[in-house]
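Peer 1: Now for the letters of each chain:
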Amino acid sequence: MTRISDPFLPAVDRAAFAVALADRLRRRGVPVGLTATQDFVAALAASPPATRTALYWTARVTLVRDQPQLARFDEVFDSVFGEAVLAVDPHARRDGRGGSPPREDEVHAPPPAGASGDPIEAAGLPWVTLPSVVSGAEHDDAYASTVPERLPTDVAGAVDTPFEQLGEREAELLGRWLETALRQWPTRRSRRHAVRPGGHRVAIRETVARARRTGWEPVRLVRTGAVDRPRRVVVLCDVSRSMQAQAVAYLHLMRALALTTHAEVFAFATSLTRLTTVLAHRSAQTAFEEATERVVDRFGGTRIAHCLEALLASHHGGTLRGAVVLIASDGWDGDPPERLAAAMARLRRRAHTVVWLNPRAGAPGFAPRTTTMTAALPHVDLLLPADTFAALLRVPAEIARLTGRDGRTARPVRPLVSTPWT
Amino acid sequence: MSELFTDAEDVRRRLAEVGHLVDVGTATALYLATVLDRPLLLEGEPGVGKTSAAKALAEALDTPLIRLQCYEGLTAGEALYEWNYQRQLLAVRLTEARGEHLADADLFTEEFLLDRPLLRAVRHQGPLPPVLLIDEIDRADDEFEALLFEFLGEWAITIPELGTFAAVRPPVVVLTSNRSRELHDALRRRCLYHWIDFPSPERAAEILRRSVPAANEPLIASATEFIGRVRALDLDKAPGMAEAIDWVSALAALRVSRLARRDVVTTLSAVAKSPDDRTAITGALEELGYPEEARRP
Numbered sequence: 001m002t003r004i005s006d007p008f009l010p011a012v013d014r015a016a017f018a019v020a021l022a023d024r025l026r027r028r029g030v031p032v033g034l035t036a037t038q039d040f041v042a043a044l045a046a047s048p049p050a051t052r053t054a055l056y057w058t059a060r061v062t063l064v065r066d067q068p069q070l071a072r073f074d075e076v077f078d079s080v081f082g083e084a085v086l087a088v089d090p091h092a093r094r095d096g097r098g099g100s101p102p103r104e105d106e107v108h109a110p111p112p113a114g115a116s117g118d119p120i121e122a123a124g125l126p127w128v129t130l131p132s133v134v135s136g137a138e139h140d141d142a143y144a145s146t147v148p149e150r151l152p153t154d155v156a157g158a159v160d161t162p163f164e165q166l167g168e169r170e171a172e173l174l175g176r177w178l179e180t181a182l183r184q185w186p187t188r189r190s191r192r193h194a195v196r197p198g199g200h201r202v203a204i205r206e207t208v209a210r211a212r213r214t215g216w217e218p219v220r221l222v223r224t225g226a227v228d229r230p231r232r233v234v235v236l237c238d239v240s241r242s243m244q245a246q247a248v249a250y251l252h253l254m255r256a257l258a259l260t261t262h263a264e265v266f267a268f269a270t271s272l273t274r275l276t277t278v279l280a281h282r283s284a285q286t287a288f289e290e291a292t293e294r295v296v297d298r299f300g301g302t303r304i305a306h307c308l309e310a311l312l313a314s315h316h317g318g319t320l321r322g323a324v325v326l327i328a329s330d331g332w333d334g335d336p337p338e339r340l341a342a343a344m345a346r347l348r349r350r351a352h353t354v355v356w357l358n359p360r361a362g363a364p365g366f367a368p369r370t371t372t373m374t375a376a377l378p379h380v381d382l383l384l385p386a387d388t389f390a391a392l393l394r395v396p397a398e399i400a401r402l403t404g405r406d407g408r409t410a411r412p413v414r415p416l417v418s419t420p421w422t
Numbered sequence: 423m424s425e426l427f428t429d430a431e432d433v434r435r436r437l438a439e440v441g442h443l444v445d446v447g448t449a450t451a452l453y454l455a456t457v458l459d460r461p462l463l464l465e466g467e468p469g470v471g472k473t474s475a476a477k478a479l480a481e482a483l484d485t486p487l488i489r490l491q492c493y494e495g496l497t498a499g500e501a502l503y504e505w506n507y508q509r510q511l512l513a514v515r516l517t518e519a520r521g522e523h524l525a526d527a528d529l530f531t532e533e534f535l536l537d538r539p540l541l542r543a544v545r546h547q548g549p550l551p552p553v554l555l556i557d558e559i560d561r562a563d564d565e566f567e568a569l570l571f572e573f574l575g576e577w578a579i580t581i582p583e584l585g586t587f588a589a590v591r592p593p594v595v596v597l598t599s600n601r602s603r604e605l606h607d608a609l610r611r612r613c614l615y616h617w618i619d620f621p622s623p624e625r626a627a628e629i630l631r632r633s634v635p636a637a638n639e640p641l642i643a644s645a646t647e648f649i650g651r652v653r654a655l656d657l658d659k660a661p662g663m664a665e666a667i668d669w670v671s672a673l674a675a676l677r678v679s680r681l682a683r684r685d686v687v688t689t690l691s692a693v694a695k696s697p698d699d700r701t702a703i704t705g706a707l708e709e710l711g712y713p714e715e716a717r718r719p
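Protein chains in written order, with this note's numbering: chain A, 1 to 422; chain B, 423 to 719.
Hint data in this document are derived by calculation from the structure and do not stem from the laboratory.
The structure displayed is predicted, hence computed values, not measured ones.
Backbone N, C-alpha and C fix where the C-beta goes; we use that ideal spot for every residue, glycine too.
Do not take every clue at face value.
Said to hold, decoys possible - Partial list, computed: chain A residues near chain B (C-beta under 8 Å):
1. Ala-11
2. Ala-15
3. Thr-35
4. Thr-37
5. Ala-42
6. Ala-46
7. Ser-47
8. His-200
9. Ile-204
10. Val-208
11. Leu-312
12. His-315
As the list claims (entries may be wrong) - Listed next, the stretches of chain A that the computed footprint assigns to chain B, with coverage defined by at least 3 CB atoms under 8 Å from CB atoms of chain B:
13. 62–72
14. 186–195
Go ahead and model the full structure; you've got the sequences and the hints to work with.
Peer 2: Right, here's the structure in full:
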C-alpha cells in the first residue's frame, strides 16, 4: 500500500467525481444505480480515502452490487486510476495460488485475448477541477483517432453468424401455444402456507381475528395449507453445429420457459453460457440479439459431459435440486461416454426429473444407438422427440403427465420412454 | 451521536482484538455499513467467514447479536412480531370470570406482543445499536424479500393495533447469501455489497494461528500451502477457511507436527466433502508435494 499525499483527492467535487465514475462504469456494462452513486458520495464524505486502496474499496463496496461485475469494475478502476491495483485486490488474486479456478459458467462473454489486462480507456475521468485539456480530450475527434477505445476484435468473427430469424407467424404461434401449454406445468408443495379451506393446520392469527366477532369464542377455525409452486425448471440447450437448424426454435422454448416459469436457461457447446437474464428481456428481438452476442462458442463442437460438470460444480448447481431438467441435444458428444454417464448420474440424483429432447428421435426407426445416448439414457426419465414445433409443444404436457397431475406423485420406473425401442 | 468506529482501520483492529481477522476490503465494507446506516450484503463461497464476520462485529461493539435464519416459507409472524393468542384468550376468560369489561385496546398491548428478530432489533434499547444478522437470505423466498423492504428502507415496523415502531438508532444489518438463488435487484439496491474472497496464504496462516493455538508453526505453514494448492484443483467444493480450520484442528488433535502423506490421507475427510473431490485430491497428492512414501523394510 503506497501512501499518497493526504488527502488523496484534493479539491475534487465529490458529486461530479462520483457521477463521472458511475457513468464510466455504466458504459462498461456495470449497472450502477442512483442509490449506489449516492452511497458513494456519502462514503467519500464520511471517510475521505487517503490511499488508492481505500478509494478502491470504498468505490467497490458502494458501487458494485453483484459479484460477476467485479472483474469489469476492476478494469475500469484500473484504467482510471493508473497503476495496477491488482496487487492489493484479492479478486485478481483468485487466479493465483490462493484463489479458486474461475467457474466456467461465470465467464459469460470473455473479452478478446489481450484486452482484459489492458486499460480500457486511456483518458482520465472528466475531473471538474483538472485542466480542460484532459476533460475535453475525450470529445476531441483527433484524440479519439490516436487513442481508440478497445472494442472486441473480430477474432470470433468466423462463428459470428446470427441465430436465424424465425418466421413471424410461426414465432407468434409458438409463443401462444406455449403459453397455454405451460399451464399444465408440474408443481411442488412449498413451505409457505396460505389460508384455504381443508388445510392441515389451524391458523391461529386468522382464527383469533375471527373470534373477535363472536365474543372471543373461536367458533369457527380457519385453516391453512401449503401453497403449490411451479417446479423449478433448468433448460440446457445444445447450440453446436449439428443442432444449428433447431437452435432458433429451442431459443423460443427457452425464452417462453424463462418468462413463465422463471426457468434457469443455459446454452452449451464447448462451454456453458447462462442465458437466464438475457432471455428474460421484454423484447424478444433484443433478447435473441443479446443471446447471439453472449454465446461465443456456438455452432462448433460439443462437450456435453464437460458442460454438465461445470454446471454441477458452479453455484447455479443448487438450482438443479428438485428441478425439472430439460436437456435439448442430439447426443453427439466429444467427451468420453463414461464421463457423461457419471455426470448424468449426479444430475439425476440432484434433479426431480430429467428430460432429454432429441431432434432426431422423431424420425421413424430412430434408436438411441450413439454411445452418448446409450450412456445417458439410464439416467433420463423421459426421452422426447423435438424435431417440429408440434413435438416441442407436446413437451410440457408429457412432463406434466409423467410427474402426475400436481407433480407430487411417485416417480415411474426409469427409464420411461414412450416408444418401443427400450 | 457517537460513531461506532472511527475508520476502516479501527474496524480491523477491534475485530482482531476479539480474534477475527479481516482484510481491508471487509473492514471498509463493515465500516461503511455502520457509518452510512445501510444494510450490508455479504456474499462469498461457503466457509469464508460471512456469518462469523457479523458475530465478531457484535462482539467488538459489545452489543447483542440478533440472528434471523432464513428458510422457505418464513412469514411475518416469525420474522417481525406475533400476538400471544393463548395469553389473550386467557385474559378474556379471566375478565369474564371476574365480571369485568374488556376493551380491544386492553388485549393489544405490548404485554401480549411477542418480539421476533426484526422487531427486537428495532425496539432494542441501549447506547449502541444491535447487530442484526439475516443469515442465508437466498434460502428465503421472494415473499420474504419483499417483506424486508420496508424494514431495510425505513428501520420501522408498523403494527396496526399499536402503531409504528421506529428504531432509535438504525441497527447494523448484515445479510449473508450463498448465491443459491439470484436475489432481487430491489434488495441489492438497498444494500451495500461486499464479496468476501478466500484470504491470501499469509492471512490464512494468521487466522489458523489464532483459531488453532494447539498447532505449531511448520504444520500451519504446510497446511496453508496445501489448502492453497488444493483450491487451484478442479473441485466441486473447494475447501474454504472453515474447512482449513477444521482440518488443522484435526491434525493438531492427532498430534501431527510435520505434515506427511499418511496424515493427509487419514484426515482428508475434513477437506474433501464429496467422493469425487476425495478422488481428485488423492490423485493429485503426488504433484502437491506428498509422494508415495517408500516402504520401509
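Peer 1: Given Ala-11/A was flagged as interface, is its beta-carbon under 8 Å from a beta-carbon of chain B?
Peer 2: Since chain B brings no Cβ nearer than about 21 Å to Ala-11/A, farther than 8 Å, the hint is violated.
Peer 1: May I ask you to test the interface hint for Ser-47/A with respect to chain B, counting a Cβ-Cβ separation under 8 Å as satisfied?
Peer 2: This hint holds: Ser-47/A lies near chain B, its Cβ roughly 5 Å from the closest one there, short of 8 Å.
Peer 1: Does the CB of Ala-15/A sit less than 8 Å away from some CB of chain B?
Peer 2: violated, 16 Å
Peer 1: Once the shortest beta carbon distance from Ala-46/A to chain B is found, is it less than 8 Å?
Peer 2: This interface hint holds because 5 Å falls under the 8 Å limit.
Peer 1: Check whether three or more residues of the region 186–195 of chain A sit with their beta carbon closer than 8 Å to a beta carbon of chain B.
Peer 2: Three-residue rule met by the region 186–195 of chain A, so holds; n is 4.
Peer 1: With 8 Å as the cut and Cβ atoms as the points, is Ile-204/A at the interface with chain B?
Peer 2: holds, 5 Å
Peer 1: Just to be careful: measuring from the Cβ of Thr-37/A to every Cβ in chain B, is the smallest value less than 8 Å?
Peer 2: With Cβ-Cβ at 11 Å, over 8 Å, it is violated.
Peer 1: Measuring from the C-beta of Thr-35/A to each C-beta in chain B, is the shortest one below 8 Å?
Peer 2: Status holds, d = 5 Å.
Peer 1: Measuring from the C-beta of His-200/A to each C-beta in chain B, is the shortest one below 8 Å?
Peer 2: With a closest approach of 14 Å, the His-200/A hint is violated.
Peer 1: Would the stated hint for Leu-312/A survive a check requiring a Cβ distance to chain B of less than 8 Å?
Peer 2: holds, 7 Å
Peer 1: Can you verify the interface hint for His-315/A: is its Cβ closer than 8 Å to any Cβ in chain B?
Peer 2: holds, 5 Å
Peer 1: Are there three or more residues in the region 62–72 of chain A whose C-beta lies within less than 8 Å of some C-beta in chain B?
Peer 2: holds (count 6)
In this structure, the earlier hints numbered 1, 2, 4, 8 are contradicted, and the remaining ones agree with it.
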